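Asker: As a plain string of letters, each chain reads:
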Amino acid sequence: MELDLDRCTGCRLCQLVCSVTNFSENNPKKAGIRVVSKLFTDARYDVIVCDQCGTCADVCPVGAINMDEGVVRIDADTCTNCGVCIDACPNGALFSHPEVAHPIKCVACGECAKYCPRGVLDALAGLRKVAS
Amino acid sequence: MKVTVEMSKVLVSVRPGLAEMTEVELPEDATVGDALAAVGLPQGLWGIVVIGDRVGSASTRLFPGDRVTVFPPVSGG
Amino acid sequence: MRTMHGYAGSILRVDLSTGVASAQPLAEDLVNAYIGGRGFGAYLVYREVPPGTDPLGPGNKLVVAAGPFSGVFLPSGSKTSFSAKSPATGLYGDSNIGGHLAGELKYAGYDAVVLEGRAPVPSYLFIEDDKVEVRPCEKLWGIGAIKTEKALKDELGDEFQIATIGPAGENMVVFACVNHDIGRQAGRCGMGAVMGSKNLKAIAVRGTKGVPVADMSALRKVAGEMFSALAANPALKVWQDQGLAQVTTWSNSIGALPTRNFRQNFYENADALSGERMRSDIHVRDKACFACPMATGKYCKASHRGESVFLEGPEYETTALIGSNCGLGSIEEVAYANYMCDELGLDTISAGNAVAFTMECFERGIITKEDTGGIEARFGSLDAFVEIAKLIAARQGIGAPLSRGVRAAAAAWGGGSEDFAIQVKGLEWSGYESRGAPSMMLAYMTCDIGAHHNRAWSVTHDIAVGRNVIEGKAAKVVELQHVRPLFDCLGVCRLQWVELGLPLEYYARLYPAVTGRDDTWEDLLLKSERIWNLVRAFGVRERADFGRADDQPPRRFYTEPVPDGPLAGSRVTREDIDRLLDEYYDLRGWDRDGRPTVKTLERLGLADVAAELLAMGRIS
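Sequence order for the protein chains is A, B and C.
Counting from 19, one number per residue, gives the positions in the first sequence under the working numbering.
Counting from 8, one number per residue, gives the positions in the second sequence under the working numbering.
Counting from 17, one number per residue, gives the positions in the third sequence under the working numbering.
One chain only, chain A, in its complex shape (with noise of 0.2 Å):
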């Protein structure tokens, strides 16, 4: 999946769109995505989402993580919020909250890449596959 990240301006609505979509929360860290800052040290920003690679459903002890129509959904009730899957994600795109009882991820909603001002996660919108 390739962000177009060399546009990034690193306004974060993708942040506080994710979170008004899925928690209907203005709260940029209940998210299933972040910006990070990498101005110091490469003037430039890095966004960090799933790209719906799996390796958590993989490794996930209990099972609660499995891929639909392209998408990898954690399924809230069986999630044991061990934390395995989060230090396994190779992106780190996965995301724990203290008011939330599993990690956060992305599951390609799309809502994102309508909002963000520069075009940079057309991509996204694109991982979630209609079942034909």
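These are calculated hints, taken from the structure and not from any lab test.
Source: prediction; values computed, not measured.
Be aware that one or more of the hints could be misleading.
Unchecked claim - What follows is a set of in silico ranges between Cβ atoms, one per label pair, in the way DEER data are often shown:
hint: 1; chain 1: B; residue 1: ALA44; chain 2: C; residue 2: GLU284; range: 32 to 38 Å
hint: 2; chain 1: A; residue 1: ALA143; chain 2: C; residue 2: LYS237; range: 17 to 23 Å
hint: 3; chain 1: A; residue 1: ALA106; chain 2: C; residue 2: SER324; range: 38 to 44 Å
A virtual CB, placed ideally from N, CA and C, is assigned to each residue, including glycine.
Chains B and C: place on chain A using the hints.
Answerer: Relative to chain A, chains B and C alone:
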């Protein structure tokens, strides 16, 4: 050549009386500045100009059929 | 505790002397009367900093406040206000800052932080949700503002939002600023000096909570419309391209660009300082404040004498006050000087103004190379700028008198320099030379914190109505002095409205959606007028002689016509100044000496303030 000068809604709201859309006849090598003078918009009362989707300035050369959209002056913090 | 929609619901008080922090519930009365942000700052500073308090002593209070729109799903809810008694003016001062701090304060659970006393050793304030600590940090003292931010980010993590001061703030230069997110500043009024006087090197905050809003569905609808309207605006691209740097060319074309210490207002080299040159010569990346599509921040790279630096900037004000005002030759030179000021922690507006003043005094022989320690302080010299800025930050040599502001430096140097110390109330004049724009002249004269443009910006009003017209212009200034600072109370940036024409109706609809309160826009404007008068009352209470005499422009502007450029010959006259002020005071319901009347204060719900001033014999 014919060029269209369009006042943005914002500009019209702060300068009532300006025609929203005017077609002007200009020489072949006319600039944005010439177009705005042709519609009588005083210097200092326009700020940003967009031609199609290109940003321009007073000296930007125009081509037949160009649509010049005019915005109020920038305001500063 | 009942939920206060739009607010975290708490004010954090930190006594730096003892290290004790306590979170107090946000009072409904405070919200109802003062909204948030600058409103909280004005109220708390008025109430808690009595007349005669040393602005650089432990009795001053620094209020750092977000507003109800901060951190919420809407365009650019990103603004924090810093308020205190100003060491530059001895009056109430505030400065707002963009970046990503405002929301983070609320996510941590605080609408405002009130900093009191003085830490016994250099310290930084650590806030992570409910965990609040005053942490000693002697190793950071003396380090540049940007380097300090990097050090704290490295230690605490990128999710912390950090505000810092540089050596200028540590040394209490009266125009020291607060830095954040590399290149954003609370620039004016010496808020960095107040932090330095409290031995407070930085504030670091991270929060994990959400901001409650009254009607999420309505908010999503209004904010969605706003984001769509912005995305569809053809002018957005210009802002994304050049940010505020585009103002330079326009300002020069209309004879408003400060040039050589405001002697001129048209700079022959303005093209070399243009937004286009910024973009082509030094630009690296666009940089945005929180949730902002405009991304007016320009991350740039500049080199000077073999040293390469990165900075956010320069934007218009810095380009005007350091570039044309000091006669510099290129945008890259301005950028390097900008970087120096940012690291030192100096407000670029005041620093540019102060260095230009020094250059004029030097060229006139009022000060000499002996005074400057060998620096050839001439217009056009970047080296001179850099050397003088360093001395100001250190308060050494020629920097010592300058570090107290141009008004103080002129008093020290004499030689008629008071006439061209370009300031009002002790705050250096910002980026619009206004001898050809009487309403903007009035705006600068009557701006509550001193000569700043961010309250009433009315240059185009003068162009539209007629530059020679004096009558009737005060009304526009008063109107703008209410609506523009309202955004500083709401904790949201106003540029989407001001520059891109996003209708004010959107903000009026946002207010009930976020807060659940039924204020109309007019109700909010009345609160802004209340705050304006409270700030004026601070001055009246502070000094028996505060009034009309503090609203005067520098003598240059009514004795020296503009020498050249498109507005050659322009100036205001003493009669103009008096007519403008008379009309302004009448409209405001103040007496002809510029003091609010009892009737006006009572109309604005400030009867207790009126009683206080009456008892002191300051008003009648």
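Asker: State the violated hints by number, sorted upward, taking the hints as numbered earlier in the document.
Answerer: 1
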